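Chains as they are written, first to last, in the numbering used here: chain A, 265 to 568; chain B, 2 to 463; chain C, 18 to 294.
Worth flagging that the hints you see were computed from the coordinates, not collected in a lab. Possibly wrong hints are sitting among the right ones.
[Said to hold, decoys possible] Taking lysine-lysine and the DSS-like style, the derived pairs with C-alpha atoms no more than 30 Å apart in a straight line are: (1) K453(B) / K344(A); (2) K281(C) / K461(A); (3) K453(B) / K331(A); (4) K388(B) / K83(C); (5) K95(B) / K83(C); (6) K281(C) / K377(A); (7) K86(B) / K73(B); (8) K379(B) / K409(B).
As the structure is a computational prediction, the values presented were derived from the model and not from experiment.
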Amino acid sequence: MKTMAKPKSGSARWKEDLAGYLFVGPMLLGTLIFTVLPVVASLLLSFTEWNFLAGFSRDALTFVGWKNYRLLFQDPIFTKSLMNNFLFILQVPIGMAVSLLIALILNKQVYFKDFFKIVYFLPFISSVVAVSVVWMVMFQPSFGPINQFLQSIGISHPPRWLGDTTTALPSIMMIVIWSGIGFNLIIYLAGIKNIPKELYEAASIDGAGAFMQFRKITLPLITPTTFFLLITGLISSFKVFDIINVVTQGGPANSTTVMVYYLYQSAFVNLKMGYASTIAWILFLIIFVITFIQWRLQNKWVHY
Amino acid sequence: MAKKWLVLVVAILVLAAGCGQNSGTDRKQNGSAAGGGEQQQQNNGGGGSAPQKEVTIKFHHWYDTEDERLDKVIEQFERQNPGIKVESVRLDPKGSAESMQALDLLAASGEPLDVIMQPGLNDFVKRVGMGLFEPLNEHLDAMGIDMNEEFIVDTSFDGVYYGFPVHYLPWITILNKELLDKAGLDVPKDWTFDDFTEYARKLTDDTGEGMDKQYGTYFPREHSQLYYMALFNQPNINALVSPDGRTSHVTHPAVRKSLEVLQQVEMIDKSALSFSDRISLNLHYAWPYFNQKAAMNITQGHMISRVGGYSQYPATFVTVFAPYPKINKDDEIYLPASINFVGVAATSQHKEESLKFAYFLATEGVVIQEKYLSNWSKVDLDDLVDKILSNTQSPEFVDGESLKHVLKVSKPTPLSITPFFYSEVVNAYAEQVELFLLGGQDIDTTIENAEKAVQRIIDTNQ
Amino acid sequence: MQTRTRFVKLLMTIVMGLFGIVMVLPFLWMLSTSFKPESEVFTYPIEWIPRTWHAVENYREVLFGKYPFFLYYWNSIQVTVGTTCLSILVSSMAAYGFSKIPFRGNQALFFIVLASVMIPSQATLVPQFLLYRYIGLFDTFIGLILLNSFSVFGTFLLRQFFLGINNEYLESAKIDGAGHFTIFVRIGLPLLVPAIATYGILRFIWTWNDYQNPLIFMRSAHKMTLQVGLAQFSDLMGVHYSLLMAGSVVAILPLLIIFIIGQKQVIEGIQAGGLKG
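Pulled out of the complex, with its shape left as it was, chain A reads as follows (with noise of 0.2 Å):
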């Protein structure tokens, strides 16, 4: 961790502490205020069945200890969106080596730089319904243009993208990648920005190639950009909701249902919040654990 050096004295360090909490407080207090707040409201909640239209009075809230808890692990479309959900996370790291060898592309081996740049962000600024709509005619698996192509290489029998149980989530997950390029681009291009010129020209001089100068300096100095992006994009992927409500609504049978799908069903359809509660719960301790251990292991690969 590059800190600065810690002062040795009582009231430097005293200083120190003073400085720290004045820059992270508005922050801090932000946070707890409008988020954590309210985080830990949902917590006590999963503890309790609450007919929520009533508000917060005595009546509305029963306690009802672990028997959310309990009802979650038995129930079958919980299971299946937990697993949904993980194998949703491989989108991830697939997204962002897509992105960063886009970034490097643009960076330095193509003409009309910016206006490639502003092509590839289109997507993640064009609406979702936009976005959708486009995809779910590309991947019409009757008479779609993707498959329509397949065909007429030969492929007699192409996937059903969407209309299948088996492919349905993969398709979901490629149209994520694809709108999610723009993002990760504009931040690797900031980070490898970073970069200073002079190391590529040393290294140019003594004699690396394009390759090496990448594995050498571009990947090691770009890693707390990567390291960056692997967290959010983790926390946003078991978020995942927006996507799946437009096209296929955790459909074909509940192939596509995630947890936060399941979770605004339970809360906003069935009217059970005590129930959506606890799967937010549980989603948070998986995020939590997952996000921890990431963290304990970036020493081993980010450079700072």
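Model the placement of chains B and C on the given structure of chain A, informed by the hints.
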């Protein structure tokens, strides 16, 4: 350095603008929450004893008031009831489902609510169970309203009334007359599911490919009732679970019949676009019909006022109506319907006025709207049909006589109260049906698995 | 050697160009749909060139029709600019604190802050909503701004970049008597401009495109933001796509502008150097 200060200054300015905006508006416009309160204070001297004070009641719904002519309804009501003002609140423009979410949040946070609409029995039952609606029996007696006399459907829960049925949205079959004539078929006046299947086959034109193909019918995913279509209109049992939430009806023979129809039409005859193809098309359920890709649809009552064409889909052919199919030739014709409800919030501060408006909506209001059929017994149904159809874009493209015939020969399916957790049941059932439609399992396995899944949900909700 | 590099560059340009077409498809669909009458929106295969030119009617209805489009636009601008500025301020300060000041509880606090986003918003929506009503922030622009201004994402991103700044540089400033605030403003921030610009762009886009929060946390019709306002182009029979897309095309313009300016002026203009190694 300058950059940083610029950011700071801009931020402060914008925050200040935000603050200013808020307080300015409050002073000028009595934000909705404050407005009700003020009136309330003025009215504190007991219900109706100060007749000159104005009461404002809120009406929460999801409609475009102009499109749905609700503005005319409100106008008429206010004219007949000087002293009551109705404030219309459109919860979420995206639709009724999203609106329900917005409503629930408002209710949870103690927002003053008065008159609330519900998109269907299922939603209504859920919220009655959560105490959102005021029991109306006493108020109804005081106003001299006899629910049995006024409305053709019984909407009581254990003898208690919580709201009025507003729009009557029967499930009927709409058929493309041109395509019917081309196939040499008569307009069905009374038919079975087997007839329906045969019609679907004859109305399918195999000469097209892919999206050029014209199918006999179309089963949209949004209409999950079609997954148990033969059960849906039955007089005694017409939902997947009994009203007390204890018994599953998945093994009822009508459910099997529904699956057989689906199998025959979609998978064997291929007279409807297959589920696997449908799922990847972002099509609204009206699209295939208006674009002549599906010659007929068993569809819900909203289409009645739409088949004459509207902004998104102009009508280009004549539509005729046929009854809901029955299982056996000698069965009676039953007509299932979706009904939306309007009730009075239990927390309302103006229950008398709200009840008046709710009653008005459900009775004269529907007639004024001229958009939907009504549950009111005092309505001349034929007349209403004429009015509704004359309001469509191209009335010449709708055969009103066939609709009147359907309404005459059909008996309304009695409303079946569904338990609180009915949406979970439908989801579990739908999951099995979708696996079936994808060719992954046969009818017996589907019913078996569905029964297990539904029973599990029943057990966890006891 | 030079010809080979130029050839590779040309080849890459073509390849990326081809893939780029796929990238642009949704945007083209948005444009194309906004020019069509509603009944022609869903044709299979997709008709990119509208059969009937309905653009004028569509745009006229969206911009000057039933709903106060420009008022929504202005509302969105206020909320988005406010959120972006405030969150840049808060996040950069916090990022500096978490990365460069060795105060006690540094790591643990950061992890707690990070943990707060591990709960999906759908679960905290109801408690958050109730909280907002209770403290009176409901239906206010301030409330909406505050909702999105304390983003862990920004703090985390900027922290990563701050950590990359070599300490000797800062230590020498300290020896010269500079306090943390001075270091932050005079050294830290200028070095972080590409990262801050990147975050600013992202935060702008997210806030601008946010539908859920303005919908839930705002009530008054005249305070609606663009995304909520556009959703009004739907009725019982579904979304009115041609109008929605016309509105969305106009709505996307500031995002494009911000991105183009941000990328060109700020990120390109900075040559990061002399700090590492």
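Hint-by-hint comparison with the structure:
This hinted pair checks out: K453(B) and K344(A) have alpha carbons roughly 17 Å apart, not beyond 30 Å. As the CA atoms of K281(C) and K461(A) are separated by approximately 19 Å, the hinted pair is consistent with the 30 Å bound. Restraint check: the Cα-Cα separation between K453(B) and K331(A) comes to about 21 Å, which is no more than 30 Å; the hinted pair holds. Between K388(B) and K83(C) the alpha-carbon distance is near 26 Å, which keeps this suggested pair within the 30 Å criterion.
Taken as a hint, the K95(B) and K83(C) pair is honoured in the structure, with Cα atoms around 16 Å apart against an allowance of 30 Å. Proposed proximity of K281(C) and K377(A) is supported: the alpha carbons are some 11 Å apart, at most 30 Å. Using a Cα cut-off of 30 Å, the hinted pair K86(B) and K73(B) holds, with the two alpha carbons roughly 13 Å apart. For the given pair, K379(B) sits about 16 Å from K409(B) by alpha-carbon distance, which is consistent with the 30 Å threshold.
Consistency note: the structure conflicts with none of the earlier hints.
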